[in-house]
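For chain A, the structure is supplied; the task is to place chains B, C, D and E on it using the hints.
For the record, the sequence lines run as chains A, B, C, D and E. Okay, so the first sequence: first residue is 116 according to our numbering, each after it adds one. Okay, so the second sequence: first residue is 116 according to our numbering, each after it adds one. Okay, so the third sequence: first residue is 116 according to our numbering, each after it adds one. Okay, so the fourth sequence: first residue is 116 according to our numbering, each after it adds one. Okay, so the fifth sequence: first residue is 116 according to our numbering, each after it adds one.
Possibly wrong hints are sitting among the right ones.
Pairs of lysine-lysine residues, derived as BS3-like cross-links and limited to a Cα-Cα distance of at most 30 Å, are as follows [unchecked claim]:
#	chain 1	residue 1	chain 2	residue 2
1	C	Lys195	A	Lys401
2	E	Lys195	C	Lys195
3	A	Lys346	B	Lys346
4	D	Lys454	C	Lys401
5	D	Lys454	B	Lys401
6	A	Lys333	C	Lys401
7	D	Lys257	E	Lys172
FYI, nobody ran anything at the bench for these hints, they're computed from the structure.
Given next are the chains, with one letter for each unit.
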Amino acid sequence: MEQERDVEAVIGDCAVYETGLRSSTRLPMQQAAQAARRTDGFVWIGLQNPTAEDVLKVAQEFRLPPLAVEDAIKARQRPKLEIYEDEHVWFMVLRPVRYVDREEIVEVEEIALFVGEHFLVSVRHGDNDVLTRVRRELDAGKLEASQRGPIAVLHRVADLIVDEYALVAAAIEDDIAEIEQQVFGEREADHTERIYKLKREVLEFRRAVLPLGEPVLKLMSGAGALAGIDKGARKYFRDVHDHIMRVTDEIERQDSLLSDVLQANVARLSVTQNDVAMRQNEDMRKISAWAAIGLAPTAIAGVYGMNFEHMPELGWKYGYLYALALIASISVGLWALFKRNDWL
Amino acid sequence: MEQERDVEAVIGDCAVYETGLRSSTRLPMQQAAQAARRTDGFVWIGLQNPTAEDVLKVAQEFRLPPLAVEDAIKARQRPKLEIYEDEHVWFMVLRPVRYVDREEIVEVEEIALFVGEHFLVSVRHGDNDVLTRVRRELDAGKLEASQRGPIAVLHRVADLIVDEYALVAAAIEDDIAEIEQQVFGEREADHTERIYKLKREVLEFRRAVLPLGEPVLKLMSGAGALAGIDKGARKYFRDVHDHIMRVTDEIERQDSLLSDVLQANVARLSVTQNDVAMRQNEDMRKISAWAAIGLAPTAIAGVYGMNFEHMPELGWKYGYLYALALIASISVGLWALFKRNDWL
Amino acid sequence: MEQERDVEAVIGDCAVYETGLRSSTRLPMQQAAQAARRTDGFVWIGLQNPTAEDVLKVAQEFRLPPLAVEDAIKARQRPKLEIYEDEHVWFMVLRPVRYVDREEIVEVEEIALFVGEHFLVSVRHGDNDVLTRVRRELDAGKLEASQRGPIAVLHRVADLIVDEYALVAAAIEDDIAEIEQQVFGEREADHTERIYKLKREVLEFRRAVLPLGEPVLKLMSGAGALAGIDKGARKYFRDVHDHIMRVTDEIERQDSLLSDVLQANVARLSVTQNDVAMRQNEDMRKISAWAAIGLAPTAIAGVYGMNFEHMPELGWKYGYLYALALIASISVGLWALFKRNDWL
Amino acid sequence: MEQERDVEAVIGDCAVYETGLRSSTRLPMQQAAQAARRTDGFVWIGLQNPTAEDVLKVAQEFRLPPLAVEDAIKARQRPKLEIYEDEHVWFMVLRPVRYVDREEIVEVEEIALFVGEHFLVSVRHGDNDVLTRVRRELDAGKLEASQRGPIAVLHRVADLIVDEYALVAAAIEDDIAEIEQQVFGEREADHTERIYKLKREVLEFRRAVLPLGEPVLKLMSGAGALAGIDKGARKYFRDVHDHIMRVTDEIERQDSLLSDVLQANVARLSVTQNDVAMRQNEDMRKISAWAAIGLAPTAIAGVYGMNFEHMPELGWKYGYLYALALIASISVGLWALFKRNDWL
Amino acid sequence: MEQERDVEAVIGDCAVYETGLRSSTRLPMQQAAQAARRTDGFVWIGLQNPTAEDVLKVAQEFRLPPLAVEDAIKARQRPKLEIYEDEHVWFMVLRPVRYVDREEIVEVEEIALFVGEHFLVSVRHGDNDVLTRVRRELDAGKLEASQRGPIAVLHRVADLIVDEYALVAAAIEDDIAEIEQQVFGEREADHTERIYKLKREVLEFRRAVLPLGEPVLKLMSGAGALAGIDKGARKYFRDVHDHIMRVTDEIERQDSLLSDVLQANVARLSVTQNDVAMRQNEDMRKISAWAAIGLAPTAIAGVYGMNFEHMPELGWKYGYLYALALIASISVGLWALFKRNDWL
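Excised from the complex, chain A in its bound form (with noise of 0.2 Å):
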């Protein structure tokens, strides 16, 4: 008793759905069980961040395959659907992702469904909301595909979570554009740093969309094991693989355009450090070409301030004007010896 408490805490909602519509209140875990078994629609029970006990218990009241039941527990599984023939059961392993744009961070969540003819267990690892906006949707008759029962409910989940796939590549093309514009624009600033995590994130994102495009192709061509897919449902797996592809080939673009921005990152740095370190040189050129002007004067001055006592220019009446004179036109001279060369 007390136990069967711990479990409807866990869950989120539970009811019948017939025909497309809720035919039911929310009912505790085991009435559910019993209710897949008679009804002709199918029951919907919702685990939010369930403990291991969670998740078995549920999984014994509706035979959920043993193996799938561990996956569901273990969090961090790659995107991925298997098929259960002895138990009729599919299990489906989805990878929401939210962008959070201040940390440029790529946050992967997890959400595992156990898809039978009369019932859908979903597991939710994480805040995520999609679940509870299919909910919604389902429960106000809104559902355009309800007919179709649980199927119809793992389409749309997958649906939101690959529109959400969109959103986030959209955010990450964004920051990339801002990357560009930093490089190019900014000279002295390394981003060596962002571009890396930045990077970083991209190849975790794809780890989430990348494994998902093979199972959704197999739903949408209904090959062996999927035959009974109907039609209509299959087009609209069709319309989310279209989706996955769009992802994929804009993730793919994006690791690629940031391998590239890393690269003209270090050239734009390379080429504005060696800028300054040549101003530098230039400035050191300048400085050492004056001094040497200025070691003219001391030389000759001292020449003159030797204490010879034949020296016959100290005796000469205009000798102190023609030494200033030498001094003056030397230091001219190097100066423009100095100008020629480019060393001024």
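Just chains B, C, D and E now, with coordinates in the frame of chain A:
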């Protein structure tokens, strides 16, 4: 009534074509839909930058598949071909491309085509004139393949768009050649930004072209649901496919070339900048060496400027000459020494 | 007899298992081979670091295929699965991996398994404890799948090894995070060696994991010669395959991240080093400028130290003050000039 | 009549071949077309750099498929093979290649071949002599395979062109070896431009060769519409395919080598330039150290050149010697100090 | 007659083998060809570096397919397997490889094998001893598989060659380890050339190994025209295939490692060189700072060496001491200032 007029405003033209010739003047949309049901030929209705409601109205009349309609409303789809068997409609998305040479930007627009047995609905986003040109050819009876109905139009549109791809590829080729000349010609400039941005456009371009290969291949091989295409039409799509492959080859090559040229640019820049630095260093070395030579006279003159009472040289008759000679010979000696060390 | 004892020394354990439970104590090898021919269950004989002769003796008793035996003797095989139809034996090579965190080294060991209808011969190179753990589970009746015989053991061994792969991948992930912090944190160090060596280990790791995907896929799909595997077992291998795919994804991503971080490291280093060089250059410029300023007093003092007979300033009453003022004003003037030029 | 003569002007040769031997002199085009309809052998008409009208006239006579004709008129096609089943015509485009060693340029030309049951129309753009050589062999009865009709000619043309590919690859190989010697030999030059340009030509070359692999594979395996090729002919195409694969391998390797050598070139250059900079820096250090040593005598001499009334040293008998000794010892002291610091 | 002797000169050995044993002494070529037609076993004739004529003569006797013969004459083929159904001959090209450790060069040679039902013609280019070793094993009856005729020999030859590949890969591995030690050990050397050249050899090596995978896979799976190979033989080729895959893995890894190590080498070099430059810059700064300090005494002494009539300090009793104290204190002051600025 008023609403009707709205749709008419975004309809470029709308007419019935029979045995390859235009057999009607411009029709209002609803009459066109009725004509499509009666004619042995086909009706072509062309929408230009329609709103969502415009498209939905036309979709209702022609019973177009809802998912495809949704895609036709939202622009920025991947090029693709979808077969809606139940509605007997093909849906194709094409992405015409234009190269704005002055800004080195690839502009991608979008054309969506619904092809039924007896109608063709074209939806154009942007101001691309391919559809207008095909319509004009058709009206003038010049469209050689016009006996084959809507597929002939589809082929011709794809054909013209892919021809434009070739022009864009050629224009990019020219810009790459120009960049190459700059990189290996004028040595002191940094072409990183231009190369990067052109690379980015090439990636954009590739995204418009690459995914088109597969649907056209399907049209060309006429497999599966496309078995309906007669062999004659297939041959034409083979031609289009061939052009796409050629453009794809070019794009891959250009992408690869731009990567190489970016690397070459960096290498050239670093070589050039190092050359400048070396020349600067050499100048510094020379200036410093001259300054060091200039120090010798100062030091010697300083010595003979000391005031000791007993300095025999001071009393010499030719002491002054001797001092000057000493200064000269030491200076020349240093100069020779520095010369030998390659410091001058 | 004496020889027999040799083989026994490298046999870890050897027992008969029936209906999933151990039904014998440790048996000598030859009795085990006989038991394998009679039992409905199976015999598991485990060799630990055996010599070639040891393996050959066991191979003879159990009629193992010679080529596979050769591979089991030589370590350093690729992970693989071989079906020997004539001998009704499967041969699987697995490569357990351990991460020595302190040295950041991936240690790869090897396990070879011969799976017959009623026996299992395991050959272990290295001191990996996976086989011991599986044996213990089996002995304790804890191996849920033990009804299915040797294949269940094969599955469990693969399962544990692949679980270890995940741990290794996580440990590498931690080291990458640490490297990232270092690269973007403490700026003056060179992390090239650490990054390179970790990359090398990731390549080593990938070589152990990647080739395993295909044989497990075969086991999972039960195609061709593997049709004998019942559906239940296949499901379990699907789980293993799923884990391999996940680890493979991680490895590819880590390899790619390490390439990026190596590039980022070089970029950061060059930026840091250039910063230091710039500061050094600036210091040089300042020192040189101060020295150039210091030359002025020397030159002026030198002029007034000349010994000309007619130097009017020398007789001035405030000549000395005037000279000092001249020196001061020229020095200040130069200082102001250099300041304006940003040389100080 | 006059028009006819125009076509004749671009026809290299035109004759009937029966049982592998030339059975006619040069025929005018229209007679050739008639002969093609009657003969058991085949007619080969060769056009050299024809205008569009020339090709169209021939196409009309031989009923060539319009789309293929269009491709034969426009040069710069991808290498390809197209089967026109209705017209019983194969259309093949081949791209002979020549390497202009002096300029290190790959020149790509084009040959289009229409192969019917009893005719062969060859269209040559550029001045490649492969067709002439094949014709000469055929006329001389040397073409071993000539019993098999037009396909034998097609094979021989492809064979010779692919042989030329091997020569081009070898010539490029030589240039790469030369570049390697330069990069690792003479250290101060920048080979970026040469490497880049050769890489560009390799890409051009690859574009001519790579797409040929697939059509020749089809000819070799004789699948589908090509079932008509007898086994003997297939064997010959296998040989051609083999050569293409070999050249393709080489091209990939050369492309990869050039990437590596570009990187090595940059590394070498930066090492060389840094060596130069270091030597320059060392020179500067030496010069500056010498100048610093030179300052000591000046300073000491300056002190004893001061005019204080009370300077005991000035009156010393050996004051002057003492001063000189002081100067000498300080200078030597500094020299020793600098030497110890490795500044000299 | 004389001509015959020529062929015999390039024949290494030639004998009949029956039920796995040598049943004849060395036979002349023509007798061997006759024996091949009569025996139940097979004839093996081995040619060593034959001329074209030699091969042609043997080809005539054994009716070998002309295209294959041509390939056997020209060396430098791709590894391959060709089935000539009409002639009941398989043609296989293998490329033995040797690593010359001292020069770090991969030497690739060539072996061509014609395998008929009752004969084996081997053509060896270079001085590889694999064929000799297999012949010796066969003669000694040691070739376990010799009951299966020529295919067993083919297998053994391939087996030994692939074993050598593993040795070469191991030797390259050693050299890479050595390079790694050098790159991360002795810091001031440039290893670019060695790394590049080893990379080049790895590419050469890969070209010999990679294309062999496919033909051996065919032999192992016994598909299509190879259905004749009995299961036992196939198993052996599976082993060879396994070894090829392992070597291929190694080569890819080595290629990737060498790319990484090249990058690491450049990074290390630039770090080292920058360290040297920084130390040099620091030396320069120190020297300049000392020189600047040395300027102070000169300037002060210069001031008191001026010849003004009215300079009160000159008459002071302790003027000289005061001047020396001034010089000392200013010098020390500057030294303290520079120390604080980290210029000393």
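For each hint, the structure was consulted:
A threshold of 30 Å between alpha carbons decides the hint, and for Lys195(C) with Lys401(A) the separation of about 72 Å lies outside it, so the pair is violated. For the hint pairing Lys195(E) with Lys195(C), the CA-to-CA distance comes to about 25 Å; that is within 30 Å, so the pair holds. Of the supplied pair hints, the one linking Lys346(A) and Lys346(B) holds, its CA atoms being roughly 28 Å apart against a limit of 30 Å. Using a Cα cut-off of 30 Å, the hinted pair Lys454(D) and Lys401(C) holds, with the two alpha carbons roughly 26 Å apart.
Proximity of Lys454(D) to Lys401(B) is assessed by CA-CA distance (about 22 Å); at most 30 Å being required, the pair is judged to hold. Our distance criterion of 30 Å between C-alpha atoms is broken by Lys333(A) and Lys401(C), whose separation comes to about 72 Å. Between the alpha carbons of Lys257(D) and Lys172(E) the distance comes to roughly 21 Å, so the proposed pair stays at or under 30 Å and holds.
Violated hints for the displayed structure, listed by number in ascending order: 1, 6.
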